[in-house]
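K.L.:
These are the residues of each chain, in order.
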Amino acid sequence: MFQSVLFYVFAIVLLGAASGVVFSRNPVHSVMFLVLTFFQSAVLWLMAEAEFLAIVLVLVYVGAVMVLFLFVVMMLEVNIEAAKRGLTRYAPLGIGVALLMVIELVQLIWLRSQGVTGTSGFAATPEGYNNTKALGAVLYTEHVYAFEIAAVILLLAIIAAITLTMRKRPGIKVQDIAAQVAVRAKDRVRIVKMDAEKKQ
Amino acid sequence: MADFVPQFVSNWIDWGLAVFYSLPEWVQYLTVTTWKILFVLIAVILIVAFSTYFERKVIGSMQARVGPNRVGPLGLGQPFADVIKLLIKEVVVPSQSSRFLFVIAPLLSLIPALATWAVIPLNDWYVIADINAGLLYVLALTSVGVYGIILAGWSTNSKYALLGAMRSAAQIVAYEIAMGFALVGVLMASGSLNLGDIVMAQTGGFSQWFLFPLFPLFVVYWISGVAETNRAPFDVAEGESEIVAGFHVEYSGVAFAIFFLAEYANMVLISTLTAIFFLGGWASPFEGLAFLAPLSDIPIIGLLVTGGLHWLFFKMCMFMYTFFWFRATFPRYRYDQIMRLGWKVFIPVTIVWITVEGAMAWFQVGPWSGLGA
Chain A
1 MFQSVLFYVF
11 AIVLLGAASG
21 VVFSRNPVHS
31 VMFLVLTFFQ
41 SAVLWLMAEA
51 EFLAIVLVLV
61 YVGAVMVLFL
71 FVVMMLEVNI
81 EAAKRGLTRY
91 APLGIGVALL
101 MVIELVQLIW
111 LRSQGVTGTS
121 GFAATPEGYN
131 NTKALGAVLY
141 TEHVYAFEIA
151 AVILLLAIIA
161 AITLTMRKRP
171 GIKVQDIAAQ
181 VAVRAKDRVR
191 IVKMDAEKKQ
Chain B
1 MADFVPQFVS
11 NWIDWGLAVF
21 YSLPEWVQYL
31 TVTTWKILFV
41 LIAVILIVAF
51 STYFERKVIG
61 SMQARVGPNR
71 VGPLGLGQPF
81 ADVIKLLIKE
91 VVVPSQSSRF
101 LFVIAPLLSL
111 IPALATWAVI
121 PLNDWYVIAD
131 INAGLLYVLA
141 LTSVGVYGII
151 LAGWSTNSKY
161 ALLGAMRSAA
171 QIVAYEIAMG
181 FALVGVLMAS
191 GSLNLGDIVM
201 AQTGGFSQWF
211 LFPLFPLFVV
221 YWISGVAETN
231 RAPFDVAEGE
241 SEIVAGFHVE
251 YSGVAFAIFF
261 LAEYANMVLI
271 STLTAIFFLG
281 GWASPFEGLA
291 FLAPLSDIPI
301 IGLLVTGGLH
311 WLFFKMCMFM
321 YTFFWFRATF
331 PRYRYDQIMR
341 LGWKVFIPVT
351 IVWITVEGAM
361 AWFQVGPWSG
371 LGA
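Residue numbers (our numbering), protein chains in the order written: chain A, 1 to 200; chain B, 1 to 373.
These are computed hints drawn from the structure, not numbers from a lab. Note that the structure is a prediction, hence the values are computed from the model and not measured.
Label-pair ranges, simulated between beta-carbon atoms:
{"#": "1", "chain 1": "B", "residue 1": "ARG334", "chain 2": "A", "residue 2": "VAL65", "range": "25 to 31 Å"}
{"#": "2", "chain 1": "B", "residue 1": "LEU309", "chain 2": "A", "residue 2": "ALA185", "range": "50 to 56 Å"}
{"#": "3", "chain 1": "B", "residue 1": "ILE351", "chain 2": "A", "residue 2": "ALA146", "range": "21 to 27 Å"}
{"#": "4", "chain 1": "B", "residue 1": "PRO24", "chain 2": "A", "residue 2": "LEU156", "range": "53 to 59 Å"}
{"#": "5", "chain 1": "B", "residue 1": "ILE84", "chain 2": "A", "residue 2": "ARG188", "range": "50 to 56 Å"}
{"#": "6", "chain 1": "A", "residue 1": "ALA11", "chain 2": "B", "residue 2": "SER61", "range": "55 to 61 Å"}
{"#": "7", "chain 1": "B", "residue 1": "ARG334", "chain 2": "A", "residue 2": "LEU154", "range": "27 to 33 Å"}
{"#": "8", "chain 1": "B", "residue 1": "ILE59", "chain 2": "A", "residue 2": "ALA178", "range": "30 to 36 Å"}
{"#": "9", "chain 1": "B", "residue 1": "ILE354", "chain 2": "A", "residue 2": "ALA157", "range": "17 to 23 Å"}
Which residues of chain B face chain A? A partial, calculated answer using Cβ under 10 Å:
{"#": "10", "residue": "PHE100"}
{"#": "11", "residue": "LEU136"}
{"#": "12", "residue": "TYR137"}
{"#": "13", "residue": "LEU139"}
{"#": "14", "residue": "LEU141"}
{"#": "15", "residue": "VAL144"}
{"#": "16", "residue": "GLY153"}
{"#": "17", "residue": "LEU193"}
C-beta: ideal position from N, C-alpha, C; glycine also.
Just chain A, same shape as in the assembly (with noise of 0.2 Å):
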């Protein structure tokens, strides 16, 4: 009972967020409600015992990924009309995407009323039991190979962002810290010897 009036709150809060994102007129403010978003998806899935997911969501997308996202939109200069005249021609495509998540979303809850389920949904974990453990023991046995493919797909795309944005520019000024380091006091300062000069 108190569980699903939680969720339920956290649910509202979700959506209203999520209405958010895409309703605010300023963009930043567009980025604050995607992060309070996955804060609230955070929280239902630590209602659903999911803890590893739910903290790691906050550690990877709120912690990480909307840092750089609002870095980003907070440097651009937004230009809302030109984005509300973008509006009229995504729209089809938004609507039919939409159309087709509402489908999908319509059709798990048809098979959920018919009695079909596929995977134990919020079922109660057993005493002891270590979300976080567990994750690893499959992740690093049965699915080695998607988890290390996962991890060179991440790779490559880093050192090609990286490439991307390497260029040589002439004359540029760049420190050598290592040759700073290894200055020493006779390349810098010459000790003249000269005689001292004689009384007037």
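The hints should help you fit chain B onto chain A, whose structure is shown.
P.N.:
Quick look at chain B alone, frame taken from chain A:
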């Protein structure tokens, strides 16, 4: 009840306990947890208040000055005078600012700093929430703290504030990675994400501390922690010589006080976390030494041998002192040097040491000697 307690007091206590145990279980749980949270919160805020005083005293003595000495005996009333001053000052909200975000930003930086205390074990039984993914929770919440700074910088609608926010965000994101990698080493050594288990893995005297097998990771974690809290020598986010006061340039009164509180709460947090991850948390360094074992029955001296909150507090104070020490001695880093240190020095060091740790675990040396597998 002990003899020196009058009869009617012990009757009251018995009556109170009887009432407490007659309550439903969830009410009992709620009461106990609320008191635990209150105790930790008040303790953290008091530590913050007095660490501002000690910071000024420590830096003062390093610069051959006296430091605050006017309010109360030895100037100990200074933090309260400062707080009262800040509380009665006017909060000015710039007219061109984004008002809601401007007001909420200080809170967003304070709440993660306080909420992280939920998983921190203060001794072998005092922890508000004993969760299995505690270390991840700590990482997640410390990474959320940056929003307060970014939003403060943006909502102020000032170029100085925006620059400060940008610097701070890039810096925190960069050092978080090194911090996370350093913690990977800790969790490899302890075999658990639970902070209580991490401390338990280091009990049995200081030779068991992760400080020694994971020394490079300790250094990386500690310096990254200083960078994460935007403290000197990494305080470019508020570098007053270039961008006035950075992200909190337009904040005054209570709003500024909250930023201040958040910064110091973060310092206390990082100090405590470093103590937990590398210095055995609440465990005593003199445990497990046979010739000291008889001491544990003597009232005060026994505390040296037995672990507890006092050891965590002592270790935390040690790291807080180094925060002040850094501030008094090091010049501020240049921004590109900060980035270089984070990305090109710390991250490779952590990756190399994780590999070394893997080899150590394979050959069963150091903390892995007991694995026996």
